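Novice: Chain by chain, the residues run as shown.
Number of protein chains: 2
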Amino acid sequence: MEQLLAIMPLSEQQRSTVRNMGVNIVTADDIARKQVAPDDITIMYGWNAEISLPVLKAPHSHLKWIQTFSAGVDYLPLSEIAQHHIVVTNASGIHGPAIAQAILGYIFYFTRGLWTAEQRRPERFWEQSADDLLVADETSAIIFSTGHIAVETARLLHQMNVYVAGVNRTGHPADNFDETYAIDDYQKGLAKADIIINVMPGTPATTGFFNQQFFDQLDHKLLFINVGRGSSVVNDALLNALKQGRVKYAALDVVDPEPLPKDSPLWANDHILLTPHVSGVVDHLDTRLFPILYDNLKTFVSTGLVSRNQVDLSAGY
Amino acid sequence: MEQLLAIMPLSEQQRSTVRNMGVNIVTADDIARKQVAPDDITIMYGWNAEISLPVLKAPHSHLKWIQTFSAGVDYLPLSEIAQHHIVVTNASGIHGPAIAQAILGYIFYFTRGLWTAEQRRPERFWEQSADDLLVADETSAIIFSTGHIAVETARLLHQMNVYVAGVNRTGHPADNFDETYAIDDYQKGLAKADIIINVMPGTPATTGFFNQQFFDQLDHKLLFINVGRGSSVVNDALLNALKQGRVKYAALDVVDPEPLPKDSPLWANDHILLTPHVSGVVDHLDTRLFPILYDNLKTFVSTGLVSRNQVDLSAGY
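Chains as they are written, first to last, in my numbering: chain A, -6 to 310; chain B, -6 to 310.
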């Protein structure tokens, strides 16, 4: 019988659904009270290092599958997980609307006068003007990634007649994008864009991607947005680009390191909007996540295989 | 021959289009240099009190039609214009996308963590949390107005699965609204809404509409947005409602009076986002406005009638 360690909360109804599939539900309390041995856990629903690492590292661990609550999985010990042939499924798809809406919030913060108004507020200065007032149909965007979050972002931007280019590994087409470019040949798309949006996962390949060389290509861009991972951006390179006017504003929901230290020069630049890695936070996460667990459990109990959202452990997403 | 006073700029191409319709173009300079008498103007494109009032008040004025550059026309001397049987056409439709995008900006400012982040910024306090993080599909909205701006706002909110109610004079249905209510019977719609959006024009009927009695109906609403007219909101009543938690946040692009005096208590309330009447500002206004002038000129030169965007001078919009 499968033993599912429920780190994410399960409602009464969800618990009974899981049990009816022949899966036993275990809690961290059960392990702490030694009613269940960490070795016995076969499925982990959620991740909490303090609870999860002892399960992963148990000498006779039977762990076969981890269902995470996030799209990115860079906080997991991926190589150790891969060594043990454990399957990881993520929450890709759930956070798309939240992050896409956050991205619209960042764009309109700068293009509909909110930024200027906030800058003037300490002086209580009200004047019927603002910098950079633009209607979306006058702007174009390039999104690094054409995954779920990027597709939802492109869909919404399209509704406002923004021209949207996407960047992925091979340049293959993707829903809601006007055009797509390969990651090693994106320069033509970048040249057209006013708004640059990073949604790429944190992997060895994306670490430091937005470096001095990247920013040196820019000329009077409006806005750089990072909702991917802080590790993809070289902070000094971004700060230089802002100083040189290569890009006028930045909105960073993710930074390196997190939490951002008080002495980081990012704080001191008022052309940077900083939010604390909350763009993907959704209310009712348990309700939104359960269908992914459920679909995967259905096949897992009969075939030992998951049916959706499986992470490629070597690629890291 | 019609004499069009061009207060709004016209491009070379636009000028030749107008002239080819048999319309003469006059500038404020022509009047100042007495090359054309104010009495001779028959059409005014735009409005600037200093230039326009002498034309309107000229003893033998031939003014027949004013094409404004704004959706609201409450800054015009409407009763005097009506007395002289002058037709007014507005720019309704042009500002819709700009204002709808500003409204999304205000909503996501509060629901995607920007407000909280800005509050914490002076202390350089970065913590992976924020107040009131919501995905749009968890919210519902009520829009006072079902005109062009409201319809575009409802369209975009619908794209994010927001339930949207509208309020108009009779409760007649309108595009993109889930339901509509009459202005004297909107309470059921209001009860369901988290976000209240005023887009109504400034008229005697809407002055002071959002008063103490209105706000006393509210219970734990998330956000009150005003992009209509400042005169529609009783400031003290809004401030009381915020203090009592009847509504948590407000976003005011329009206020009464404008400019907002430095001693206004609205400034002191950090739950109010204030922008300086810029939600409707569009880039390339001349390009966007000309098609309305053109359509109206076509019929005006042959029949003396305009074909679109005519303002009901008694209603004021």
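Please keep in mind that the hints were generated in silico from the structure rather than gathered at the bench.
Among the hints, erroneous ones may be present.
[Unchecked claim] Listed below are the simulated EDC-like cross-link pairs for lysine to aspartate or glutamate, each with C-alpha atoms no more than 20 Å apart in a straight line: (1) K57/A <-> D305/A; (2) K57/B <-> D276/B; (3) K241/A <-> D276/B; (4) K185/B <-> D130/B; (5) K241/B <-> D305/A; (6) K291/A <-> E(-5)/A; (7) K255/A <-> D276/B; (8) K255/B <-> E(-5)/A; (9) K255/A <-> D168/B.
[Unchecked claim] Computed spacing ranges between beta-carbons, pair by pair: (10) R114/A <-> D305/B: 55 to 61 Å; (11) D125/B <-> E251/A: 19 to 25 Å; (12) Q180/B <-> Q206/A: 55 to 61 Å; (13) D288/A <-> D67/B: 52 to 58 Å.
Because the structure is a prediction, the values reported are computed rather than measured.
Don't be surprised by glycine CBs; every beta carbon is placed ideally from N, CA and C.
Novice: Now tell me if each hint is right for this structure.
Specialist: Do the hints match the structure? See the list:
1. K57/A <-> D305/A: 15 Å, holds
2. K57/B <-> D276/B: With Cα atoms ~29 Å apart, K57/B and D276/B exceed 20 Å; violated.
3. K241/A <-> D276/B: Distance ~18 Å between K241/A and D276/B Cα, so the pair holds.
4. K185/B <-> D130/B: 14 Å, holds
5. K241/B <-> D305/A: Violated - the C-alpha atoms of D305/A and K241/B are around 44 Å apart, more than 20 Å.
6. K291/A <-> E(-5)/A: The given pair, whose Cα atoms are some 12 Å apart, holds under the 20 Å limit.
7. K255/A <-> D276/B: 38 Å, violated
8. K255/B <-> E(-5)/A: 66 Å, violated
9. K255/A <-> D168/B: 49 Å, violated
10. R114/A <-> D305/B: 55 to 61 Å: The hint (55 to 61 Å, Cβ to Cβ) is violated, given that R114/A and D305/B are roughly 38 Å apart.
11. D125/B <-> E251/A: 19 to 25 Å: This hint holds: roughly 21 Å between Cβ atoms.
12. Q180/B <-> Q206/A: 55 to 61 Å: 60 Å, holds
13. D288/A <-> D67/B: 52 to 58 Å: Since the Cβ atoms of D288/A and D67/B sit about 56 Å apart, the hinted range of 52 to 58 Å holds.
Checked against the numbered hints above, the structure breaks hints 2, 5, 7, 8, 9, 10 and satisfies the rest.
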